[in-house]
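Given the coordinates of chain A, work out where chain B should sit on it, guided by the hints.
Protein chains in written order, with my numbering: chain A, 10 to 306; chain B, 4 to 324.
Worth flagging that the hints you see were computed from the coordinates, not collected in a lab.
Just a few of them, taken from the derived set where beta-carbon distance is under 7 Å, the chain A residues facing chain B:
1) MET144
2) CYS147
3) LEU151
4) LEU236
5) PHE243
6) GLY279
7) PHE283
8) ASN290
Here the structure is a predicted model, which is why all the values come from computation and not from measurement. Think of the CB as a built atom: it goes at the ideal place given N, C-alpha and C, for glycine as much as any other residue.
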Amino acid sequence: MTELSRDEVIRKSTKEDSYWRGVWRRLKQNKLAMISLFILILIVGACIFVPMFSKYSMYEVIAADANQPPSAKHLLGTDKIGRDLFVRLFYGGRVSLGIAIAVTVLETIIGVVLGSMAGFFGGIVDTIISRISEMFMCFPFLMICITLQAIFGTSIMTLITILAVLSWPSIARIVRGQILSLREMDYMEACRALGISNKRQIFKHLFPNVLAYIIVYVTLSMASVILTETSLSFLGLGVSMPTPTWGNLIQEARNLLVLQKKWWYWIPPGSAIFLTILCFNILGDGLRDAIDPKMQK
Amino acid sequence: MKNYVIRRLLQIIPVFLGILFILFFIIDKAPGSIVSNIMDPTMTPELKAALLEKLDPNLPFYQKFWNWLVQAAHGNFGYSSKHFKPVIDVIGENIGVTFALSLTALIIAMLIGIPAGIISATKQYSAIDNFLTVFSLLGLALPTFFAGLLMLKVFAVELKWFPTFGFISASNINADFWTKLGDHAYHLILPALVLGLAETASFMRYTRSSMLEVIRSDYIRTARAKGLAEKVVIYKHAFRNAMIPIVTLLGFRIPGLISGALMTETIFSLPGVGKLSVEAVNNRNYPLLIGINAMLTLTTLFATLIADILYAAVDPRIKFD
Numbered sequence: 010m011t012e013l014s015r016d017e018v019i020r021k022s023t024k025e026d027s028y029w030r031g032v033w034r035r036l037k038q039n040k041l042a043m044i045s046l047f048i049l050i051l052i053v054g055a056c057i058f059v060p061m062f063s064k065y066s067m068y069e070v071i072a073a074d075a076n077q078p079p080s081a082k083h084l085l086g087t088d089k090i091g092r093d094l095f096v097r098l099f100y101g102g103r104v105s106l107g108i109a110i111a112v113t114v115l116e117t118i119i120g121v122v123l124g125s126m127a128g129f130f131g132g133i134v135d136t137i138i139s140r141i142s143e144m145f146m147c148f149p150f151l152m153i154c155i156t157l158q159a160i161f162g163t164s165i166m167t168l169i170t171i172l173a174v175l176s177w178p179s180i181a182r183i184v185r186g187q188i189l190s191l192r193e194m195d196y197m198e199a200c201r202a203l204g205i206s207n208k209r210q211i212f213k214h215l216f217p218n219v220l221a222y223i224i225v226y227v228t229l230s231m232a233s234v235i236l237t238e239t240s241l242s243f244l245g246l247g248v249s250m251p252t253p254t255w256g257n258l259i260q261e262a263r264n265l266l267v268l269q270k271k272w273w274y275w276i277p278p279g280s281a282i283f284l285t286i287l288c289f290n291i292l293g294d295g296l297r298d299a300i301d302p303k304m305q306k
Numbered sequence: 004m005k006n007y008v009i010r011r012l013l014q015i016i017p018v019f020l021g022i023l024f025i026l027f028f029i030i031d032k033a034p035g036s037i038v039s040n041i042m043d044p045t046m047t048p049e050l051k052a053a054l055l056e057k058l059d060p061n062l063p064f065y066q067k068f069w070n071w072l073v074q075a076a077h078g079n080f081g082y083s084s085k086h087f088k089p090v091i092d093v094i095g096e097n098i099g100v101t102f103a104l105s106l107t108a109l110i111i112a113m114l115i116g117i118p119a120g121i122i123s124a125t126k127q128y129s130a131i132d133n134f135l136t137v138f139s140l141l142g143l144a145l146p147t148f149f150a151g152l153l154m155l156k157v158f159a160v161e162l163k164w165f166p167t168f169g170f171i172s173a174s175n176i177n178a179d180f181w182t183k184l185g186d187h188a189y190h191l192i193l194p195a196l197v198l199g200l201a202e203t204a205s206f207m208r209y210t211r212s213s214m215l216e217v218i219r220s221d222y223i224r225t226a227r228a229k230g231l232a233e234k235v236v237i238y239k240h241a242f243r244n245a246m247i248p249i250v251t252l253l254g255f256r257i258p259g260l261i262s263g264a265l266m267t268e269t270i271f272s273l274p275g276v277g278k279l280s281v282e283a284v285n286n287r288n289y290p291l292l293i294g295i296n297a298m299l300t301l302t303t304l305f306a307t308l309i310a311d312i313l314y315a316a317v318d319p320r321i322k323f324d
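Next comes chain A alone, as it looks inside the complex (with noise of 0.2 Å):
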């Protein structure tokens, strides 16, 4: 039985496998997208991987280092404590990128649960879920944002749930929106008619179908996700110190002196933010012009 028959080959090869080679064969002559995956690679590696290594760790005071430029001895120099920023800049990464991670998936899950049924439900399930995702689309976001940190205080895990508790209505709109139109094709007629049952309908068959949005979104909200998490703890309602993100290390340079005198305490988590953001961007981009043609903006 180990063996599988010829309608079986071609139908794994020809279903399953033949379409996402086909979206990583686009992908790979996308240049710069894949460009923008090899950085992204780098930076998770060198966030992963720096804090391991380094001789520093980034909780760790050296008073008589504070203050420096950059060196041998300190890539990126100390802050005025005397910390190694180089290290702090990767753990601030692993923060950063860790809670983006976090976020994107939470609201993803929340989001494709409530989405699709929305859409494959219609009905009162659609109008209850979609007024609430409308509500939830109106509020001033950041400053929302701002408030609950107020409240719930500023710990990681707080910032990770009022997040995703505020973004999943986009992809829960785009999974809706999809499984809609899906629902009227002829092949779901057909489901129905065969009296598949509906868990089988929906992950069988609607949900490879609504995947590829799924992922472009993924890839898009996690640059979002880091330009929110980063600008909250810029503002101090983020992520609070010491613990190091790249929007908290931006934040010394809120002080003239700093602004004047230090460049290596802000221009490295600053760039740092502006080339990971990029990156998710060109890789979202052209993941969706490689998962349908068509699909383009």
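Positioned in the frame of chain A, the structure of chain B alone reads:
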């Protein structure tokens, strides 16, 4: 048209009330009740009495919500604990800067973004199109706060063309109205540029894709075929239709624009709503926070409404139903 506008206005009410309810619910459940945070020991006795009556912690939740709603409906949104003033007055004092900043930024974004988008679309894949596309990609990825700091560093700290922080120079505090106004404008240039350039990128992107879509349509080919000048084809025939999605973009960008303005104000220490809200957070000034949130929500709702109405107004194919 009239019926449509009225119906849309009526639809705003439940959404707005729902949002207010959620906000009030959360803040009411916050550690440290709303009243204990309002009760500043230096408060005037009348204010204290008024507050106790309005926001007695022992009242049931719906009663508190109702009291607050009644106050909001009377137009003062409760009292700000720090300023000893109705919230609406405190917001009123600060909204001018935010409004001026957002409006200037929006004008900059439209004046640069839309023409650049048209040029980019009409010369697709040319050197200038590539340059503008790269510019907009970079612009979209550059966080407002980092862009602001970079501009501060270059134009204020290094070149000293503009002031670094604040809304008025120390020497002009007692100056006459016009000198002050001029000084305010001078202090606004750099923040408005920061915010405007960030918005320019998204306007450019939308204009470009919208124009590209229109240029490919049949009636443009017809217009060219009957020998019209290229300028007439682009600006008279294509641009008018390409404007339709851009008009809606205008409405949808307003919440983002306000968020951007909040960030920019904080960087440049401008006395606007953004700075006010950060202060409100630090002082645990919950009535003020709800007030600001309510106001921004209302702005968003109306911006969306105006976008929808404009959309229908510029496109006769859309019917009100």
